[in-house]
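Residue numbers (the numbering used here), protein chains in the order written: chain W, 1 to 518; chain B, 1 to 442.
Hints are computed from structural coordinates only; laboratory data are not their basis.
Certain hints may be false.
Claimed, not checked - What follows is a list of derived Cβ distance ranges for each label pair:
| hint | chain 1 | residue 1 | chain 2 | residue 2 | range |
| --- | --- | --- | --- | --- | --- |
| 1 | W | E191 | B | N94 | 40 to 46 Å |
| 2 | W | Y236 | B | S381 | 41 to 47 Å |
| 3 | B | D386 | W | A446 | 32 to 38 Å |
| 4 | W | R298 | B | E311 | 45 to 51 Å |
| 5 | W | S426 | B | L86 | 46 to 52 Å |
| 6 | B | D35 | W | K425 | 57 to 63 Å |
| 7 | B | S381 | W | G464 | 53 to 59 Å |
| 8 | W | G492 | B | S381 | 43 to 49 Å |
| 9 | B | S350 | W | G492 | 16 to 22 Å |
| 10 | W | P125 | B | S294 | 53 to 59 Å |
| 11 | B | K151 | W | R298 | 40 to 46 Å |
Please read all numbers here as calculations on a predicted model, not as lab measurements.
Cβ atoms here follow ideal geometry from the backbone N, Cα and C, with glycine treated the same way.
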Amino acid sequence: MQTQVLIIGGGATGTGVARDLALRGVDSILVEKGDLNSGASGGNHGLLHSGGRYVSNDPEAARECKLEGDIIKKLMPQCVENTGGLFVAVEGDDSNFIADFPSFCVTCGVPCESITPEEARFLEPTLSAKIIAAYKVEDASIDPFRLTLLNMGQAVSMGSRLLRKTKVTGFDIRDKKIRNTRVMNVDTNEEFSIEAEQVVNCAGAWADQVCRLAGIGIQMQYSKGTLLVTNDRINYRIVNRLRRPSDADILVPGGTVSIIGTTSTPVEDPDAIYPTVEETDLIISEGSAMVPVLERSRFVRAYCGVRPLFGKSGGSDGRSVSRGFTLLDHSNENVENLTTITGGKLTTFRLMAEKTADNVCSKMSITAPCRTSIDPLPAADDSRWTEPGISPKKWMRSHQPDDIMICECEMVTKTVVDEIIDSLKSKNERPGLADIGHRSRLGKGACQGAFCGARALAYLYERGEFTWGEGLVEIGKFFQERWKGIHSILWGDQLIQAELMESIHCGLFDEELHTTLK
Amino acid sequence: MALPKSHNYDPAHVFDVMVIGSGIAGMAASLFAVDRKLSTVQAGSAGGTLFTSGLLDLISVYPIEEKKMWADPWEAIAALRNDESLHPYARISNDEIQSAFDEIISFLNSRGMKFRCERNRNLKIITSMGTVKYSYCVPESMWHGVEALEKRAPCCIVDFRGLKEFSARQIAATLHETWPDIRPFRVPFPGMEQRNEVHAAHLARALELSETRIALASEIKPAIGDARYVGFPAVLGIRRTPVIQAHLEKILGLPVFEIPMMPASVPGFRLKEIFDTELPLKGLLRLIDKRVDSVTRAENGNFLLNIGGEEQPQLIKARTVILASGRFMGKGLLSDRKGIYEPLFNLPLSQPSGRHAWHHEQFLNPAGHPINSAGVEVDDSFRPVDGTGRVIHENLYAAGSILAHQDWMRMKSGSGVAISTAYAAVNAIMRVIMDRSIRDTA
Ligand SMILES: Cc1cc2nc3c(=O)[nH]c(=O)nc-3n(C[C@H](O)[C@H](O)[C@H](O)COP(=O)(O)OP(=O)(O)OC[C@H]3O[C@@H](n4cnc5c(N)ncnc54)[C@H](O)[C@@H]3O)c2cc1C
């Protein structure tokens with residue numbers, strides 16, 4: 001395979017680079033070892049930062065957030081819910097910090113308006129009665145899945161190619177240049193190579209692993225952040241705790257849910273991370289200082305992501321390392337056509353992509369300017385099934401009389417499953433049960449997949465997609481994906497559902513005896 | 001809310017036993033109690049039985065982390081007793097377990113739901129997931145499936161368009177290596193050809209009509225070829241399964257069988273129907289869909305059980321209680337972030353030290369999740385005890401899945417634990433009553 005630019009990593013940054021290059025007329029291939037957004041872009045808070053969070057400790061990041069936030073709201077409104085946000089302090093919070101906040105904001109050009117605690121509680125009735133100060137800011141919530149799918153969608157429509165489940169395993173370097181990039185399909189273990197003029201490493205927390213394949217060492221740390229999703233939306237606006245960034249101090253609403261987080265724990269390895277029970281309990285007890293109802297809320301899911309952090313950390317949790325991004329041109333390290341972009345934020349992904357594309361284009365003597373700061377992001381179709389609520393709406397509107405409901409909690413129909421399967425197959429990919437789970441609400445409702453997982457599996461056999469005993473392995477993987485997200489929040493109603501799921505799939509069907517654990 | 005008059009319920013009446021819960025353990029306890037002429041009342045919503053597949057398992061996997069499967073359940077129980085003295089099976093003899101099964105089965109047989117069991121071996125049976133599992137006692141309607149599997153006989157498996165959780169193709173594909181000659185065959189269900197979705201319970205009702213069966217058989221016949229058996233999803237009627245099965249066998253000219261499938265299952269409905277209608281005829285006061293809200297204890301030790309809610313308390317008096325209220329699904333146990341609780345008697349529970357130790361990171365971890373072995377600890381009479389072994393109330397008993405030190409989902413012992421512990425609890429109550437009457441007459 002041949003292309004002008006090979007992009008490694010299918011998160012916000014990589015797909016943003018693919019779109020940016022496509023708009024400049026540059027051909028690219030994007031390889032992603034898992035699925036789109038399987039890294040931090042699928043494991044973040046979904047907060048389109050106004051900059052307020054960084055005014056005290058990282059003014060540059062605050063300014064970037066303000067400018068980029070405005071661009072995204074204007075050009076990618078389909079990915080944004082423009083909720084506005086609040087910063088609130090509760091009894092006991094640092095009064096100097098409270099007093100200084102507005103002046104920090106002014107310095108960074110971040111709009112901020114002081115309101116009374118009563119006004120704040122009028123705007124957000126679930127806020128604690130112990131609120132002592134509040135400011136209004138321009139935070140918004142952003143759907144990272146939509147964002148990535150739409151960015152990639154436009155790039156693909158202009159000729160870029162996307163190879164999911166394709167992992168970079170090595171580089172053939174000769175005369176200071178990567179001549180070939182070796183990749184492997186993680187499903188089939190099939191290896192092949194890609195020839196590109198330029199290689200861009202957008203591997204996020206895995207950027208150092210990729211660099212190492214080229215014999216380059218970059219100093220990186222990892223910080224894991226965990227978040228909890230509530231069953232119901234409990235706030236209208238973003239609610240931030242008015243203090244120096246710490247645990248569980250932001251509550252982000254989006255669609256029909258709210259998300260509380262995050263924690264920040266140093267980890268050695270960006271893979272194999274799970275939300276833990278301890279983190280869950282910490283988040284709830286911290287978060288309920290701002291919004292007491294969290295103590296009693298039903299949570300439907302927990303998830304986590306890894307932040308790549310650069311440079312030496314001053315604090316123990318890595319929060320004091322800049323959240324700004326890092327662009328590394330590896331010409332200096334004797335690999336002329338490799339560029340690494342990592343760090344940063346979802347909020348600044350476009351800017352990161354722009355700077356990266358600028359660098360890569362200049363190396364190829366391409367002068368076409370960046371268009372993503374002026375062209376709106378087109379709306380397309382590929383992401384529509386992942387949004388909570390949209391599948392039911394669409395079904396109500398245009399439900400075919402012969403359509404069948406595969407997932408009754410979230411109303412995922414046979415037609416939806418067909419579309420996902422067809423779209424995967426059109427890209428030469430084998431449609432697995434977990435893939436359908438990633439692209440739809442399948443298994444994300446009350447039954448946690450106990451019923452719809454089995455129905456979807458039966459359907460895959462009916463369609464002839466599965467032809468031997470692989471279904472038992474598939475459903476095991478599908479449940480494990482769901483389990484990761486519920487394992488730390490299994491009490492009350494969730495525990496009842498988990499017991500139901502286990503009683504059917506282990507108690508009756510003996511699935512644990514027929515699948516082998518990895 | 002008045003109690004059903006047909007039972008001549010007198011609010012002053014003191015029942016010998018109140019059974020709380022209507023899963024298999026509650027139903028079995030009620031049966032054993034009325035069989036022993038105890039005046040018995042039972043409450044609890046009907047959820048539990050609907051979730052049973054119809055298979056009455058005894059035990060087939062032990063130790064679970066080794067995934068060791070046993071053809072002989074008694075050998076498995078011996079191994080289990082050897083290592084785990086706190087498991088409920090360690091408190092009951094094999095004879096008692098067998099008698100408990102015999103009593104339940106003979107009752108169900110006499111009421112039209114026949115079961116087969118071979119006493120010294122587990123039976124191998126296929127499920128709608130395409131897995132092969134062991135069970136101790138299977139409904140007669142599934143028996144030919146056991147035979148067909150044993151012989152790997154050429155077999156046609158029929159499924160119905162719109163029955164979403166059952167795919168004959170899936171079964172055939174999944175079993176291909178063990179049982180190569182399965183031919184999946186999909187038909188529209190007679191009379192429901194226009195529907196996109198059909199439900200097991202509706203199909204079962206429709207099959208009660210002979211016209212439906214004749215129409216169905218004529219759909220299937222062309223596909224049979226040299227098949228020796230015909231398998232169906234478990235939908236062959238609710239009250240008249242033996243007749244339906246015999247009729248289908250006659251017109252198809254072949255033995256037919258049912259395959260256990262996802263809940264809420266039709267065999268579960270059959271059990272519920274029998275218990276709901278037949279036990280009251282034996283004298284049980286069955287308070288369908290009533291839950292016990294709270295319990296107090298009178299000075300003489302009798303329990304006062306409120307089934308009317310806080311607003312309109314309605315009290316039942318009972319000399320003894322069998323707590324068969326199940327685990328989390330049955331709401332016999334509740335949980336919050338800090339721990340698990342037994343809400344009615346506030347019984348002390350054996351449980352892991354904290355939530356971090358409730359579940360493994362892998363859902364299908366063969367070791368089983370520690371939370372599933374948490375529950376009520378009992379003495380040899382199945383009376384709840386505290387951590388030091390002291391009996392909580394001398395007239396309170398516990399049975400079924402609420403008991404600690406057993407993981408029925410992984411050992412495949414749900415019905416077995418339910419039935420045998422209910423039996424043990426009722427017998428313990430009988431012993432006390434006998435002792436007392438001997439003392440009284442002496
Ligand atoms: C807990 C948490 C909360 C956050 N909250 C916010 C927020 O509210 N607002 C905000 O603006 N930002 C937030 N962020 C930051 C934001 O999520 C990230 O900055 C952003 O998603 C990074 O995108 P990326 O594309 O650079 O990296 P990633 O999304 O991590 O993408 C890297 C991709 O590279 C792939 N890859 C790795 N190695 C290889 C290989 N060898 N071959 C092929 N592919 C490979 C990975 O599978 C992955 O998909 C948060 C981050 C975390 C962890």
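Consistency of the hints with the structure:
1. For the pair E191 (chain W) and N94 (chain B), the beta carbons lie near 58 Å from each other, so the given range of 40 to 46 Å is not met.
2. Checked against the hint of 41 to 47 Å, the pair Y236 (chain W) and S381 (chain B) fails, with Cβ atoms roughly 58 Å apart.
3. Range check, D386 (chain B) to A446 (chain W): Cβ separation about 36 Å, and the 32 to 38 Å hint holds.
4. Between R298 (chain W) and E311 (chain B) the beta carbons are some 26 Å apart, a value that contradicts the proposed interval 45 to 51 Å.
5. Checked against the given bound of 46 to 52 Å, the beta carbons of S426 (chain W) and L86 (chain B), roughly 57 Å apart, lie outside it.
6. Take D35 (chain B) and K425 (chain W): their Cβ atoms lie about 60 Å apart, and the range 57 to 63 Å holds.
7. With their beta carbons about 57 Å apart, S381 (chain B) and G464 (chain W) fall inside the hinted range of 53 to 59 Å.
8. In this structure, G492 (chain W) and S381 (chain B) break the distance hint of 43 to 49 Å, their C-beta atoms being roughly 33 Å apart.
9. Distance hint for S350 (chain B) and G492 (chain W): a CB-CB separation of about 20 Å, consistent with the stated range 16 to 22 Å.
10. Distance hint check for P125 (chain W) and S294 (chain B): the Cβ-Cβ separation is about 34 Å, which falls outside the suggested range of 53 to 59 Å.
11. A hinted range of 40 to 46 Å for the beta carbons of K151 (chain B) and R298 (chain W) is inconsistent with their spacing of about 51 Å.
Checked against the numbered hints given earlier, this structure breaks hints 1, 2, 4, 5, 8, 10, 11; the rest are met.
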